[in-house]
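If you read the protein sequences in the order shown, they are chains A and B.
Residue numbers for the first sequence follow this note's numbering, so the first one is 227 and each next one is one higher.
Residue numbers for the second sequence follow this note's numbering, so the first one is 5 and each next one is one higher.
What the hints contain is simulated information worked out from the structure, not anything from laboratory work.
Note that CB positions come from ideal geometry on N, CA and C, so glycine has one too.
Be aware that a few hints might be false.
To be verified - Calculated pairs, DMTMM-like style, for lysine to aspartate or glutamate (alpha carbon to alpha carbon, straight line, at most 20 Å):
{"id": "1", "chain 1": "A", "residue 1": "Lys-268", "chain 2": "A", "residue 2": "Asp-308"}
{"id": "2", "chain 1": "A", "residue 1": "Lys-320", "chain 2": "B", "residue 2": "Glu-56"}
{"id": "3", "chain 1": "A", "residue 1": "Lys-283", "chain 2": "B", "residue 2": "Glu-104"}
{"id": "4", "chain 1": "A", "residue 1": "Lys-325", "chain 2": "B", "residue 2": "Asp-89"}
Stated by the list, open to error - Stretch by stretch, here's where chain B covers chain A in the computed footprint (C-beta under 8 Å, at least three residues):
{"id": "5", "segment": "251-265"}
{"id": "6", "segment": "320-328"}
Unchecked claim - In silico contact screen, one side only, chain A against chain B (beta carbon under 7 Å); selected entries:
{"id": "7", "residue": "Lys-268"}
{"id": "8", "residue": "Gly-269"}
{"id": "9", "residue": "Pro-270"}
{"id": "10", "residue": "Phe-272"}
{"id": "11", "residue": "Thr-275"}
{"id": "12", "residue": "Leu-313"}
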Amino acid sequence: EDQVTQSPEALRLQEGESSSLNCSYTVSGLRGLFWYRQDPGKGPEFLFTLYSAGEEKEKERLKATLTKKESFLHITAPKPEDSATYLCAVQDDKIIFGKGTRLHILP
Amino acid sequence: ETGVTQSPTHLIKTRGQQVTLRCSSQSGHNTVSWYQQALGQGPQFIFQYYREEENGRGNFPPRFSGLQFPNYSSELNVNALELDDSALYLCASSLGTRNEQFFGPGTRLTVL
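Start from the sequences and build out the full structure, keeping to the hints where you can.
Given below as structure tokens:
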């Protein structure tokens with residue numbers, strides 16, 4: 227059965243304290259892996275698409291990487307405005323989302 | 005460039021009723037996907053429409069149905085509402101079926 231597991235479920239960091247979020251997946255044929263940010267009560271906001279192992283994408287303080295079994299979202303020197311739920315999704319013949327990691331950055 | 009819009013924002017229905025949710029896709033996008041998101045969970049795929057045809061369906065019963073119109077806007081219909089249907093319903097549009105999706109703000113459905 228295709229699965230997407232995100233860890234940790236929740237993470238509290240001090241402002242400036244870098245960390246990584248994990249997304250592990252088991253799908254028969256990966257066609258793409260997506261990262262989204264979701265603020266409370268809003269729709270997910272697209273961040274990155276990764277297609278093949280070894281690929282990396284960066285945007286401001288965020289960097290996403292991909293291996294054959296997992297993806298990491300690295301957050302460097304986060305700020306309070308980075309607080310949100312980060313969702314990972316994988317696509318084979320349909321899109322499967324993980325439950326997300328709730329990130330809270332303390333000032 | 006106009007983003008994805010959804011209506012209504014909030015909706016309260018009673019068990020057994022029917023509901024229609026609407027979505028306007030982002031300009032230039034020909035694919036619309038619908039998701040159900042329960043509190044504290046990730047979005048669950050309901051179905052996808054590509055050029056007015058259903059292009060994949062998740063594990064949802066037939067009382068969840070949809071339409072896509074020639075202008076690529078879409079509707080989600082849910083019949084015989086159940087209490088467990090209470091959730092945030094998200095619409096996402098994309099250019100093609102394999103590219104990144106852009107989400108609307110969602111419709112919060114409460115079934116009493």
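Hint check:
1. For the hint pairing Lys-268/A with Asp-308/A, the CA-to-CA distance comes to about 15 Å; that is within 20 Å, so the pair holds.
2. Between Lys-320/A and Glu-56/B the alpha-carbon distance is near 17 Å, which keeps this suggested pair within the 20 Å criterion.
3. As the CA atoms of Lys-283/A and Glu-104/B are separated by approximately 14 Å, the hinted pair is consistent with the 20 Å bound.
4. This hinted pair checks out: Lys-325/A and Asp-89/B have alpha carbons roughly 18 Å apart, not beyond 20 Å.
5. Given a C-beta distance limit of less than 8 Å, the hint that chain B covers the segment 251-265 of chain A holds, as 4 residues qualify and 3 suffice.
6. By the rule of at least three residues with a Cβ nearer than 8 Å to a Cβ of chain B, the coverage given for the segment 320-328 of chain A holds, with 7 such residues.
7. Because the beta carbon of Lys-268/A sits about 6 Å from the nearest beta carbon in chain B, less than 7 Å, this interface hint is met.
8. At its closest, the beta carbon of Gly-269/A sits 4 Å from a beta carbon of chain B; the interface hint therefore holds under the 7 Å criterion.
9. At its closest, the beta carbon of Pro-270/A sits 5 Å from a beta carbon of chain B; the interface hint therefore holds under the 7 Å criterion.
10. Using the Cβ-Cβ criterion of 7 Å, the hint placing Phe-272/A at the interface with chain B is satisfied: the shortest such distance is roughly 5 Å.
11. With a cut of 7 Å, the hint placing Thr-275/A at the interface with chain B holds, because the nearest CB-to-CB distance is about 5 Å.
12. Nearest Cβ of chain B to the Cβ of Leu-313/A: about 6 Å, under the 7 Å cut. The hint holds.
Comparing the model with each earlier hint shows no violations; every hint is respected.
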